[in-house]
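Visitor: Could you build all of it, start to finish, from the sequences and the hints given here?
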Amino acid sequence: MIEHVECRDVFQLHVTCKDGKVIRCQFSTFDQCQEWLKRLVSAVRPPSRLEELFCFAFHSWCLDVQAGEKGQRGELCGPGSHVHPRFRNEVERMGFNTERAWRVTEINRKYRLCSSYPQLLIVPAWITDNELESVAAFRSWKRFPAVVYRHRSTGAVIARCGQPEVSWWGWRNADDERLAQSIAEACCLDRSSQESLVNGSCPTKLSHTDRDSPVTPSSDSEAPVLQAPKLLIMDARSYAAAVANRAKGGGCECPEYYPSCEVLFMGMANIHAIRRSFASLRLLCTQTPDPANWLSALEGTKWLQHLSVLLKAALLVVNAVHRDQRPVMVHCSDGWDRTPQIVALSKMLLDPYYRTIEVSPRAGVRVWPAPATWLGRGVNSGCFSCLLPGAESRASRSWWRQSGWTLGTNLPTAAATG
Numbered sequence: 001m002i003e004h005v006e007c008r009d010v011f012q013l014h015v016t017c018k019d020g021k022v023i024r025c026q027f028s029t030f031d032q033c034q035e036w037l038k039r040l041v042s043a044v045r046p047p048s049r050l051e052e053l054f055c056f057a058f059h060s061w062c063l064d065v066q067a068g069e070k071g072q073r074g075e076l077c078g079p080g081s082h083v084h085p086r087f088r089n090e091v092e093r094m095g096f097n098t099e100r101a102w103r104v105t106e107i108n109r110k111y112r113l114c115s116s117y118p119q120l121l122i123v124p125a126w127i128t129d130n131e132l133e134s135v136a137a138f139r140s141w142k143r144f145p146a147v148v149y150r151h152r153s154t155g156a157v158i159a160r161c162g163q164p165e166v167s168w169w170g171w172r173n174a175d176d177e178r179l180a181q182s183i184a185e186a187c188c189l190d191r192s193s194q195e196s197l198v199n200g201s202c203p204t205k206l207s208h209t210d211r212d213s214p215v216t217p218s219s220d221s222e223a224p225v226l227q228a229p230k231l232l233i234m235d236a237r238s239y240a241a242a243v244a245n246r247a248k249g250g251g252c253e254c255p256e257y258y259p260s261c262e263v264l265f266m267g268m269a270n271i272h273a274i275r276r277s278f279a280s281l282r283l284l285c286t287q288t289p290d291p292a293n294w295l296s297a298l299e300g301t302k303w304l305q306h307l308s309v310l311l312k313a314a315l316l317v318v319n320a321v322h323r324d325q326r327p328v329m330v331h332c333s334d335g336w337d338r339t340p341q342i343v344a345l346s347k348m349l350l351d352p353y354y355r356t357i358e359v360s361p362r363a364g365v366r367v368w369p370a371p372a373t374w375l376g377r378g379v380n381s382g383c384f385s386c387l388l389p390g391a392e393s394r395a396s397r398s399w400w401r402q403s404g405w406t407l408g409t410n411l412p413t414a415a416a417t418g
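In this text, residue positions in the sequence shown follow the UniProt record's numbering: the first is 1, and each later residue adds one.
Bear in mind the hints are in silico, worked out from the structure with no lab data behind them. Hints are not guaranteed to be accurate.
Said to hold, decoys possible - Think about it this way: if two alpha-carbon atoms lie no more than 25 Å apart in a straight line, the pair counts; the simulated DSS-like pairs of lysine-lysine are:
1) K302 x K21
2) K312 x K230
3) K18 x K302
4) K38 x K18
5) K142 x K110
6) K312 x K302
7) K248 x K142
8) K21 x K38
Since we're looking at a predicted model, the values are computed, not measured.
Guide: Now the structure itself:
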């Protein structure tokens with residue numbers, strides 16, 4: 001939890017923590033102060049090589065212990081061996097109809113398509129891997145729309161992705177437009193199939209030739225027409241920021257090209273503004289408080305404003321999925337900072353399963369970027385110096401953690417963990 005250590009006085013060390021705390025350590029002599037400074041700096045210094053990380057040394061130690069006590073302990077898990085069972089369990093728990101409406105694709109096996117996506121992903125059943133590759137080429141960092149959550153009662157899903165690469169030329173991608181429409185149709189088909197099975201009738205079929213048209217019954221003329229609801233595309237940015245991204249090759253969805261979708265802009269600040277706000281908040285908390293102006297200074301950091309916008313975005317997703325029974329697709333610019341914040345918080349609000357002590361830390365496993373990516377962003381330098389600075393990662397996660405803490409404070413009996 002230590003961010004950095006510095007000696008500001010002859011006998012005093014200032015230890016700045018990643019959660020904003022500042023600890024002052026007083027020593028009796030200068031030599032003792034310098035000795036502890038060297039110890040702490042050495043302990044928090046990031047490794048210069050990947051092999052120096054603790055996880056590799058621990059894995060090697062486990063292998064030695066297992067070899068010496070063979071038969072007394074269980075088998076040591078291989079790298080990534082826990083991913084597939086956990087994914088399958090989640091698919092079954094959330095009730096995905098993988099026979100008709102959805103399918104599990106392995107297009108990202110060994111992270112060949114998108115290095116920050118999981119190896120297993122859920123997409124509409126009639127969307128082919130070739131179409132997914134086409135969509136990935138059109139989305140920022142190849143983060144194509146992938147489903148990360150399904151509401152068990154309404155059948156509506158939450159998907160995440162990167163921004164479309166529209167640019168000033170107004171490029172469009174037919175496969176991307178079809179995928180957005182197919183997500184809404186798959187939700188409708190999934191929900192109607194379950195309702196039909198409950199009522200004892202045959203579920204509606206959707207052929208591959210029907211994927212470009214609204215979902216309708218195949219042959220029963222007396223059955224009601226299944227009209228897929230509009231997909232809500234939540235863009236975490238402001239409209240001005242989304243348009244400005246077109247200069248860098250990005251952009252947002254054009255409503256004319258996505259007639260089955262509704263685009264909503266949230267106006268959330270980017271990670272650089274969040275980092276500056278968090279730094280201002282931390283500076284305010286370390287200064288001698290001024291009772292007359294402290295609340296005004298707190299408002300000036302805009303930290304509470306950022307928290308409010310994040311909570312509002314998550315609540316809009318919850319209302320769309322739970323109350324309006326609409327699927328939601330969330331993205332920002334690159335889909336790694338604001339997107340997982342919204343999606344992970346929405347999952348915790350929608351599903352009590354993610355509010356248990358055992359599962360709560362995994363609420364964002366499938367929405368945050370791949371562990372290696374976040375590890376690099378948190379280490380800050382050394383062998384990961386080419387990735388995003390750790391200060392932005394810390395500010396982003398502090399933003400999300402405090403939003404969760406706010407919910408827990410206002411709803412103290414709704415979660416098994418604080």
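Visitor: To test your reading of the hints: which numbers does this structure violate?
Guide: The structure breaks none of the hints.
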